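Colleague: One letter stands for each residue in the lines below.
2 protein chains.
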Amino acid sequence: MQSRIRNEQLKEKIMSPMEASKLIKDGMVIGTSGFTPSGYPKVVPLALAERVKRDNEKMKLTLYSGASLGPEVDGAWAEAGILAKRLPYQTNKQLRQDINCGKVEYLDMHLSHSSQYLNYGILPRVDVAIVEAIAITEDGNIIPTSAVGNSPSFIKSADKIIVEISSKQPVELEGMSDIYMLENPPMRTHIPIKTPGDRVGTPFIVCDKDKIAAVVFSDMEDHVRDLAPISDVDRAISKNIINFLEKEVSLGRLTKNLLPLQSGVGNVANAVLAGLCDSTFENLVCYTEVIQDAMLELMQCGKIKKASACSISPSPRGLKSFRENIDFFKDKIILRPLEISNSPEMARKLGVIAMNTAIEVDIYGNVNSTHIMGSKIMNGIGGSGDFARNAYLTIFSTSSIAKGGKISSIVPMVSHVDHTEHDTMIIVTEQGVADLRGLSPKEKARLIIENCVHPDFKEQMRDYFNRACEVCQSCHTPHILEEALSWHANFVETGTMKK
Amino acid sequence: MQSRIRNEQLKEKIMSPMEASKLIKDGMVIGTSGFTPSGYPKVVPLALAERVKRDNEKMKLTLYSGASLGPEVDGAWAEAGILAKRLPYQTNKQLRQDINCGKVEYLDMHLSHSSQYLNYGILPRVDVAIVEAIAITEDGNIIPTSAVGNSPSFIKSADKIIVEISSKQPVELEGMSDIYMLENPPMRTHIPIKTPGDRVGTPFIVCDKDKIAAVVFSDMEDHVRDLAPISDVDRAISKNIINFLEKEVSLGRLTKNLLPLQSGVGNVANAVLAGLCDSTFENLVCYTEVIQDAMLELMQCGKIKKASACSISPSPRGLKSFRENIDFFKDKIILRPLEISNSPEMARKLGVIAMNTAIEVDIYGNVNSTHIMGSKIMNGIGGSGDFARNAYLTIFSTSSIAKGGKISSIVPMVSHVDHTEHDTMIIVTEQGVADLRGLSPKEKARLIIENCVHPDFKEQMRDYFNRACEVCQSCHTPHILEEALSWHANFVETGTMKK
Ligand SMILES: CC(C)(COP(=O)(O)OP(=O)(O)OC[C@H]1O[C@@H](n2cnc3c(N)ncnc32)[C@H](O)[C@@H]1OP(=O)(O)O)[C@@H](O)C(=O)NCCC(=O)NCCS
Ligand SMILES: CC(C)(COP(=O)(O)OP(=O)(O)OC[C@H]1O[C@@H](n2cnc3c(N)ncnc32)[C@H](O)[C@@H]1OP(=O)(O)O)[C@@H](O)C(=O)NCCC(=O)NCCS
Numbered sequence: 001m002q003s004r005i006r007n008e009q010l011k012e013k014i015m016s017p018m019e020a021s022k023l024i025k026d027g028m029v030i031g032t033s034g035f036t037p038s039g040y041p042k043v044v045p046l047a048l049a050e051r052v053k054r055d056n057e058k059m060k061l062t063l064y065s066g067a068s069l070g071p072e073v074d075g076a077w078a079e080a081g082i083l084a085k086r087l088p089y090q091t092n093k094q095l096r097q098d099i100n101c102g103k104v105e106y107l108d109m110h111l112s113h114s115s116q117y118l119n120y121g122i123l124p125r126v127d128v129a130i131v132e133a134i135a136i137t138e139d140g141n142i143i144p145t146s147a148v149g150n151s152p153s154f155i156k157s158a159d160k161i162i163v164e165i166s167s168k169q170p171v172e173l174e175g176m177s178d179i180y181m182l183e184n185p186p187m188r189t190h191i192p193i194k195t196p197g198d199r200v201g202t203p204f205i206v207c208d209k210d211k212i213a214a215v216v217f218s219d220m221e222d223h224v225r226d227l228a229p230i231s232d233v234d235r236a237i238s239k240n241i242i243n244f245l246e247k248e249v250s251l252g253r254l255t256k257n258l259l260p261l262q263s264g265v266g267n268v269a270n271a272v273l274a275g276l277c278d279s280t281f282e283n284l285v286c287y288t289e290v291i292q293d294a295m296l297e298l299m300q301c302g303k304i305k306k307a308s309a310c311s312i313s314p315s316p317r318g319l320k321s322f323r324e325n326i327d328f329f330k331d332k333i334i335l336r337p338l339e340i341s342n343s344p345e346m347a348r349k350l351g352v353i354a355m356n357t358a359i360e361v362d363i364y365g366n367v368n369s370t371h372i373m374g375s376k377i378m379n380g381i382g383g384s385g386d387f388a389r390n391a392y393l394t395i396f397s398t399s400s401i402a403k404g405g406k407i408s409s410i411v412p413m414v415s416h417v418d419h420t421e422h423d424t425m426i427i428v429t430e431q432g433v434a435d436l437r438g439l440s441p442k443e444k445a446r447l448i449i450e451n452c453v454h455p456d457f458k459e460q461m462r463d464y465f466n467r468a469c470e471v472c473q474s475c476h477t478p479h480i481l482e483e484a485l486s487w488h489a490n491f492v493e494t495g496t497m498k499k
Numbered sequence: 001m002q003s004r005i006r007n008e009q010l011k012e013k014i015m016s017p018m019e020a021s022k023l024i025k026d027g028m029v030i031g032t033s034g035f036t037p038s039g040y041p042k043v044v045p046l047a048l049a050e051r052v053k054r055d056n057e058k059m060k061l062t063l064y065s066g067a068s069l070g071p072e073v074d075g076a077w078a079e080a081g082i083l084a085k086r087l088p089y090q091t092n093k094q095l096r097q098d099i100n101c102g103k104v105e106y107l108d109m110h111l112s113h114s115s116q117y118l119n120y121g122i123l124p125r126v127d128v129a130i131v132e133a134i135a136i137t138e139d140g141n142i143i144p145t146s147a148v149g150n151s152p153s154f155i156k157s158a159d160k161i162i163v164e165i166s167s168k169q170p171v172e173l174e175g176m177s178d179i180y181m182l183e184n185p186p187m188r189t190h191i192p193i194k195t196p197g198d199r200v201g202t203p204f205i206v207c208d209k210d211k212i213a214a215v216v217f218s219d220m221e222d223h224v225r226d227l228a229p230i231s232d233v234d235r236a237i238s239k240n241i242i243n244f245l246e247k248e249v250s251l252g253r254l255t256k257n258l259l260p261l262q263s264g265v266g267n268v269a270n271a272v273l274a275g276l277c278d279s280t281f282e283n284l285v286c287y288t289e290v291i292q293d294a295m296l297e298l299m300q301c302g303k304i305k306k307a308s309a310c311s312i313s314p315s316p317r318g319l320k321s322f323r324e325n326i327d328f329f330k331d332k333i334i335l336r337p338l339e340i341s342n343s344p345e346m347a348r349k350l351g352v353i354a355m356n357t358a359i360e361v362d363i364y365g366n367v368n369s370t371h372i373m374g375s376k377i378m379n380g381i382g383g384s385g386d387f388a389r390n391a392y393l394t395i396f397s398t399s400s401i402a403k404g405g406k407i408s409s410i411v412p413m414v415s416h417v418d419h420t421e422h423d424t425m426i427i428v429t430e431q432g433v434a435d436l437r438g439l440s441p442k443e444k445a446r447l448i449i450e451n452c453v454h455p456d457f458k459e460q461m462r463d464y465f466n467r468a469c470e471v472c473q474s475c476h477t478p479h480i481l482e483e484a485l486s487w488h489a490n491f492v493e494t495g496t497m498k499k
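Chains as they are written, first to last, in our numbering: chain W, 1 to 499; chain C, 1 to 499.
There could be a bad hint or two in this list.
[To be verified] Keeping only pairs whose Cα atoms sit at most 20 angstroms apart, straight-line, the calculated DMTMM-like set for lysine to aspartate or glutamate is:
(1) W:K103 to C:E482
(2) C:K194 to W:E183
(3) C:K85 to W:E443
(4) W:K376 to C:E483
(5) W:K85 to C:E482
(6) W:K499 to C:E482
(7) W:K58 to W:D26
Source of the hints: derived by calculation from the structure; they are not laboratory data.
Predicted model only: the values in this text are computed from it and were never measured.
For reference, chain W alone in the conformation it holds in the complex:
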C-alpha cells in the first residue's frame, strides 16, 4: 500500500485514523470527498466519532460534501452529535431526524452552487479536507476514487488535508477522472467540453503537498445500497417516459440517439433507465451526476456509448459487475467535478434531457422535491435544479399516490416549491404523461388532472379546479387560497387526503 504514496516525503505523514482525527477540532469546517455512498472517507470520520463519544468531547462541526455520504460520516457523526451545520445534500435517516428537530442546521442548496459559494468566498473556508484516494502522485496530487464531487474545491480551500488511501478501491479507477476547474468571474471562460465524452483536464486533483497533514490507510468499502426491485408502478412510469420520447422522435424533435441523458437518483430513476434497454434508441450518451446500475447495464448492452458523471454509485450487485469489467467501463466513463457535471452552461449547451423524481407536483406543474407536508425535509434538491432549469427537456416523474393511497402526489398546490411552473415541462406518473410545454396554467391543470392524477383523487381534483375557476372568474392561475393546502392539512390531521 505504501507504493500508492508516490511522493517519498509524504510517507512521513502516515498515521493511524485516530491520530489523524486529532487534526479536527471543535468549531471547524470539514470538507469531504464523496458523492452519494461513494468515494467518501470512512476510517477517519469513524475514529473521530468514536473518540468524541469515548471522551465525551465537545465537538461541533460544519460539514461540506459533494452530496450525501455513507453512514460512516453522516450517520456516525449525527449519532455522536458532532454536526452543527451540514450542506449541500444528505439522505441519512438519523441526520434527517436531527435536521427536522432543529439539532442540525441544514443548507439545502443547488449542488452546483456549493463549490461555487466556496470559491467565491461566500461560505467559510475549509479547515480540514478529508479525501479518499487511490494514490498520491509524485507531486503530491491526489487521484480520486469512485467520486470526484467537490473534492477539488475542498482541497484548494483547505488549510490541512487528510488523505485516506483506500485498499478496496481498484487502482484501475486512476485515469477515469477528468479534473477541470473554473476560474471565478470576471476571469471565467467557457467550459471547453463539446460532447459528454471529452476529456479537458487532468486525471488527478492538483494539491499543494505541504497542506497534506496526514495519510491513513483504509480497507473499508463504499457502503453501497441495494435498489428496491422494480415495481409495476415504476415500470409503468418508465414505459410512459419512453413512449413520450419515442413520440418526440417521430415528430422529428429528437433523433434515435436522443440528447445527453441526465437521470436522478433512487428507485424510480433507475427503473426509467432500465426501460431503455428494450427501447429502439441507440448510441446514447449521458451527462449526469451519478451512474447507477441501469446505466452500467445499458453500457454493457451497447445502448450507452459514453457517460459523464461525478460519481459511480451502483448497488452491491452493480458494483461487483463494475469491478469485474472495469477495463470495459474505463474508456466509457468520465468522472468530473460537481461544478462541471452540474454546470447550467453544459446542460443548456448539450441540451440535456433531465429526468428527475418529484415528491409531489401540483396542477399547475410546480414541483416539490424536498419537503414532506411543507415542513419536514426529505433529502434535498440535489442537482435536480441544476439540470431541470437549463435542460432541453425537463421530465419529473412520481407515483400518482403515496402511503398506500392515502396521499395524492398530485395536489392543488405543492406545499413547497423546488422547481417552478416555468421550469417544468413533462410530468409523468404511472397514469400517464402531461406535456406542459406551450400551455397556459389552466390548460396545464386540465391535462395534469386528466392524464396524471390517480382515479381515486380525480373527482376531488376536478372539483377543486372547477370551483377555483369559478371563484376567481377564470383568472390566470385559479386557486382558492383557504383550500389550496387543505389536502396536506387534512392528511396531517386525519391520515388521509381523501375527503
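Fit chain C with the ligands to the known structure of chain W by using the hints.
Modeller: Just chain C with the ligands now, kept in the frame of chain W:
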C-alpha cells in the same frame, strides 16, 4: 424613405399598412419585433385592429414577442378581441384583464425559453412576422431599431415577413445590434462573448428576402412611458443595495468595478441604478435586458463603460437625451438577441449581479414576481429567472408594504413561487438587507423578519414563525399549513393583512 430599402426588388413590396394587414388571417401565429415599449411594429397592428373592428371580422391570433409591447399591439389587439394566446410577457392593463378573466390564454415563460422553444420546434411556427426596421440591406437582411428581442428567431421561423420601416427611429441605430444565433443541440457550441462589450455577430438580422411579403412605412414613435418620480422608499432600497455592495467590496469579494450588472424593469429598478451615480464604484459594465434612463445617465457621468442589452427603453426624457447624444452612446451599447442577452451560460460565465423586483417575498426567501394573491397575473416572470438562477449575486428588492400599508410584501408563505429559496440570495426592502447566503431556512426567517419586515407587521410575523417552530418542533422549514396563506386570504376578505 425609399432609400432605406436597399434591395431594388423589395421596393415592389411597398404597400399600405391596411394592405399589409391582409396577410394576417384568422388562426395564425404572429411574431413581432419589440421588447418593452420599444422597437415594436405599430402601423400594421393598428390597421389590423381597425379592420377587424370595422368589418366585425372573425380573427383570433396567437402572438409571440420578445417581451411586452406598446399599446399599438397589446392594447389595440386586446381591445379588438383579436388575441387568443399570448407569450412570453406583457404589461398591458387591458390585456392583463383579459388574461385574468379567461379571455386570453397566457404563457408566462422565462424569456430565454421563448425563442428556444420556437427553435426547438416545440412552439408552433410563426406564420407572419412583423418587424420594425431601420432599413433593409441589399441582400434583404434587416436592420433592427431600438430592440432586437426575438426578431431573429421569428424572422427565421416565419412563412411571411412584414417590415415596418420607421422614419422616427434614427438611422444611427444601425450598427448598434450584434446578431449572433445559437444552433440547436447537439450542434450548439459555447457563446464566444468574453466581456459584455464583445461583438461576435452581424449588425443585421439574416433574412431570406423572398419571405418579405410587405414593406410599409411608419412614422410612429415608440410609445415610451414616464418613470414615476423616485420616492423615499425607492431611495432607501437603493441605498441599502449600494451599502451592501460596498460591504462586499470591503470584504474583498468584489472589486470597485463590481461585476456585470443586470437590472430589472420598473421604477424601483431604475431608482437603484440611479443611486450608483453617487457611489464609489467605477468602470462598471452591464449585461442586462433593458436599458432604462438611469443606465444612460450612468454612461454620461462616466460610471458605466459598456452595456449589453436587448432593447433601449427609456422615458420620453431619456429618449430625447439618447437621441441627442446617439454618437456618444453608439460604441457603448450593444443590442443582442434575447437568447444571448438572457443566456444562463452568459450569466454564470460573466458572474452577473442580478437586481430584480419582487411582488412579495416569504420568510424563507421564496419570491413571487408575477401573481397578485396567488391567482391574478400582474406582468410575468420576464427575464428575472434567466438572470437570478445563474447570477453571481441574486438581489430581489421590494417595498416592505403595499397598498398603503394594508399588505405586507413579506409574508409567511408566498402565494406563488417564481424564484425558489435555492435561487434567491439577497432580499432588500427599505427597512434593510437580508443576506441569505449560507443560511438554513430558520436562520433565513429570523434575518428576514428582523431586517426586512415593516414594523407594523413584525410582531405578527414573529408570532407566526414562533408558533410554526413550536408546532413542528423546529423542523427544517416550519409552517402551519392552515395559516401559511391566511394573510392573503384575510386581505381578500377584509381588505387588510393585519390581524
Ligand atoms: C424525491 C425523492 C425523495 C424520491 O425518492 P424515491 O426513492 O424515488 O421515491 P419513493 O417513492 O421511495 O419516496 C421516498 C419517500 O417519500 C415518501 N413520499 C413520496 N411521495 C410522497 C408524497 N407525495 N407525500 C408524502 N410523502 C411522499 C415515500 O412514502 C417515501 O417515504 P418512506 O421513506 O417513509 O417510505 C428523491 O428522488 C429525491 O430526494 N430527489 C431530490 C434530489 C434529486 O432529484 N436528486 C437527483 C438530482 S441529479
Ligand atoms: C414585480 C413588479 C410587478 C414590480 O413593479 P414596480 O413597478 O417596480 O412595483 P410597484 O411597487 O409599482 O408595484 C406594481 C403593482 O403591484 C402592486 N403590489 C406590489 N406589491 C404587492 C403585494 N405584495 N401584494 C399585492 N400587490 C402588490 C402595487 O400596488 C402595484 O399595483 P397597482 O399597479 O395596482 O398600483 C415588476 O418588477 C415585474 O413585473 N417583475 C417581473 C418581471 C421582471 O422581473 N422583469 C425584469 C427582468 S430583467
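Colleague: Holds or violated: W:K499 and C:E482, Cα atoms, limit 20 angstroms.
Modeller: Satisfied, since the Cα-Cα distance of roughly 16 angstroms is no more than 20 angstroms.
Colleague: So if I understand the rule, the pair passes when the alpha-carbon distance is 20 angstroms or less; does C:K194 with W:E183 pass?
Modeller: holds, 13 angstroms
Colleague: Run the distance test for W:K58 versus W:D26: straight-line Cα separation, threshold 20 angstroms.
Modeller: Holds, at about 7 angstroms.
Colleague: Would the pair W:K376 and C:E483 pass a check requiring their Cα atoms to be no farther apart than 20 angstroms?
Modeller: holds, 17 angstroms
Colleague: Checking one constraint from the list: CA of W:K103 to CA of C:E482, max 20 angstroms. Satisfied?
Modeller: violated, 26 angstroms
Colleague: Can you confirm whether the C-alpha distance between C:K85 and W:E443 stays at or below 20 angstroms?
Modeller: holds, 12 angstroms
Colleague: Does C:E482 lie within 20 angstroms of W:K85 when you go C-alpha to C-alpha?
Modeller: Not OK: W:K85 and C:E482 at ~30 angstroms, beyond 20 angstroms, violated.
In summary, the numbered hints that this structure violates are 1 and 5.
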